[in-house]
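Start from the sequences and build out the full structure, keeping to the hints where you can.
Protein chains in written order, with the numbering used here: chain A, 1 to 77; chain B, 1 to 255; chain C, 1 to 385.
Be aware that one or more of the hints could be misleading.
Unchecked claim - Below, simulated BS3-like cross-link-like pairs (lysine-lysine); rule was C-alpha separation at most 25 Å, straight line: (1) C:159 - C:238; (2) B:205 - A:37; (3) C:235 - C:222; (4) C:7 - C:221; (5) B:242 - B:71; (6) C:221 - C:238; (7) B:45 - A:37; (8) C:7 - C:159; (9) B:205 - B:45; (10) C:159 - B:10; (11) B:10 - C:238; (12) B:214 - B:71.
Hints were generated in silico from the structure; no laboratory data involved.
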Amino acid sequence: MQLLQQWRDSAVRNGVSTYVASDNTTYDISLTGTCLKCHSNKSEFCDRCHNYTGVAPNCWNCHNIPPQPNMSLRGTP
Amino acid sequence: MNLERRTFLKLATLSLLALAAKPAFDLLARPEIARALGLSPENRKRLAMVVDLKACTADTGCTDCIAACHKVHNVPDIGSRKEEIKWIREASYDQAFPEQENKFVKEAIRDRNVLLLCNHCDNPPCVRVCPTQATWRREDGIVMMDYHRCIGCRYCMAACPYGSRSFNWRDPRPYIKDIDLSYPERTRGVVEKCNFCDERLAEGKPPACVEACKSGALTFGEMMPGTDVYGLVSTNYTVRRKPELGTQPQVYYLV
Amino acid sequence: MIESIFKGGRKYWLLISGLLVLIVVGLIAYLRQWDQGLTITGLSRDVSWGLYIANFTFFVGVAASAVMLIIPYYLHNEKEFRKIIILGEFLAVSAVIVSITFVVVDLGQPARVFNMLLYPSPSSILFWDLIVLTVYLLLNIIIGWVTLDAEYKEIEPPKWIKPLIIISIPWAISIHTVTAFIYAGLGARPFWLTALLAPRFLASAFASGPALLILLALLMKKWGGFDPGNQSINKVAKIVAYATIATVFFLLLEIFTVFYSQVPDAMSHFQYLLFGLDCYYSLVPWMWTSIILACSSIVLLVIPRTHTNQNILAIACAVVFVSIWIDKGLGLIVPGFIPTPTGEIFEYMPTLLESLIVLGVWAMGGLIITLLYKVVLSVRREMAD
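So this is what it looks like as structure tokens:
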């Protein structure tokens, strides 16, 4: 969550939309385009914890959820 | 007055002054305050747009720029004047320049439709009034919106002299025909407006409206010697909307 | 002291129940707004502030009016205000809570309201308004409660209360000045861009607030056996009279400036308000009603024969209150947006749900006042026994 907020502030408020990780890989800061490109299964990545803790995130009021892959317990589409 | 109260008042005043020192310092560091006090340079970077009213074909029914902008940014079509959301819109000459109070306007532009959008002012009153800094002037001149932070108080809408801002009175999603998945929408309860396509500028592309205009009526760029916009404003007479308010709007109209 | 709110006669419980019903109705309407958004109101892209903000502005004024009792009693030692001053302080508490509630109800994202504290913005007048209103609320709660408690225990109030009371005097002026600054600093709205706005606000506040206070004091006399003393009532009535005269005078000043200068920027708004513009005239009857009511109340308040009759005084005060509510509410906020910056006219009409929410917030204020005044009544009764 902290990374998401950090990315949000960096991209929206500071205008820096590229994140450089400690191993020098660069990521384009985008919830739909980057985060969910790899962590494409929203119910595994987001809902599992948020449903359990009962904290509804309001990301999806604005941000788009990319087409969800077919459900498979071991993940990757 | 007895001594106790006097001492109390002295202590209270000193404490207030000490507490006020940091906020006062921060306040002076805010750009608009600094500029008002003559403390910052005038040669700041500013992005600007020039709208050529003679080239624009809006009065023949062309709405390419509006369609492009609203498509790329998932701007909803609510359908009623009451709740409409417009990042860029058309108006008559009298509506665009009401302060002119001119009943005898040059025929070539009198019946033209004028494109209205956020002027990305150099001295924006909307930025001054926002209680959460959900809107701010970026270094390059774009007046940005942070939809995460906006509390929907609509003070910025009251402060904008140009009617550039729209509010989401209801959830906009059902009113967007084809959602472009590469750009988010907004939620209800926040104010939105043109952002000079800052996401496209970051990729080196021009604003959507400029790209969509087939008659070349829209020119965009940094206002500095050598650019197209600079060339246009230095060789032509341009008007801006309500310049007397001191907002320093950066959308120039060629009349 | 506070346990007295649970003991009361039939009338008391009837009042409480009635207010609770209205509050629940307002809450249900607000749930609709929470669910669907501000689309349920009559607000629009052109008139983006309406009944909620109008009521916020008006009740900040009512809250500021407590100072009109504090000044004579604490600065000028006019002893006859002693009994009535607590009513003013508690009225201020209720009025501030009501006005802050109206702002929250007006927000598009109320859950994010703490962003105002997390990201302070000193260039925004709303930020300062939040600060001054909160401090004023705390001041009045503390001052009211401590002085009432001291009275109950038949001792002098503690010494540290005096500086707080002194601070509350300029602070009361500041809350309404800052509220006026919200509007008076906007170049975009020539109807509001006048230095006279803050004096207009203060004058109408010092008319409407004490008028409500007189009404409440007379009600307390009738229903609660609480006698504020005729001298203090008459003095407050004088304040209402002069403040109403000032309010009308300031309006005439505005009218002269805009119509003599013929500058369309500001004149068009007054034209819309007073005579209608381009066949739009929905506010015209309201505005003229307000003006006529204000003038007739001035007559009633100035003539000694009428204002010493407490029944007529009550009517005059009610008339002042309604007149200024119309003027400051509908006659100030809505015309600021009509005509629009592009010279167009889109009128505003509050919806039923919006009005029910407003009613609910008023009822909430009424409930707070009822409970606080009940405490005052029971303290005074015990003292009398």
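Comparing the hints with the structure gives:
1. C:159 - C:238: violated (31 Å)
2. B:205 - A:37: holds (23 Å)
3. C:235 - C:222: Since the Cα atoms of residue 235 (chain C) and residue 222 (chain C) sit roughly 20 Å apart, the hinted pair holds (cutoff 25 Å).
4. C:7 - C:221: Roughly 19 Å between the alpha carbons, so the hint for residue 7 (chain C) and residue 221 (chain C) holds.
5. B:242 - B:71: At roughly 29 Å apart (the allowed maximum being 25 Å), residue 71 (chain B) and residue 242 (chain B) break the hint.
6. C:221 - C:238: The hint holds at about 20 Å.
7. B:45 - A:37: With Cα atoms ~35 Å apart, residue 45 (chain B) and residue 37 (chain A) exceed 25 Å; violated.
8. C:7 - C:159: violated (32 Å)
9. B:205 - B:45: Distance of about 18 Å is within 25 Å: holds.
10. C:159 - B:10: Between residue 159 (chain C) and residue 10 (chain B) the Cα gap is close to 16 Å, so the pair holds against 25 Å.
11. B:10 - C:238: violated (36 Å)
12. B:214 - B:71: holds (17 Å)
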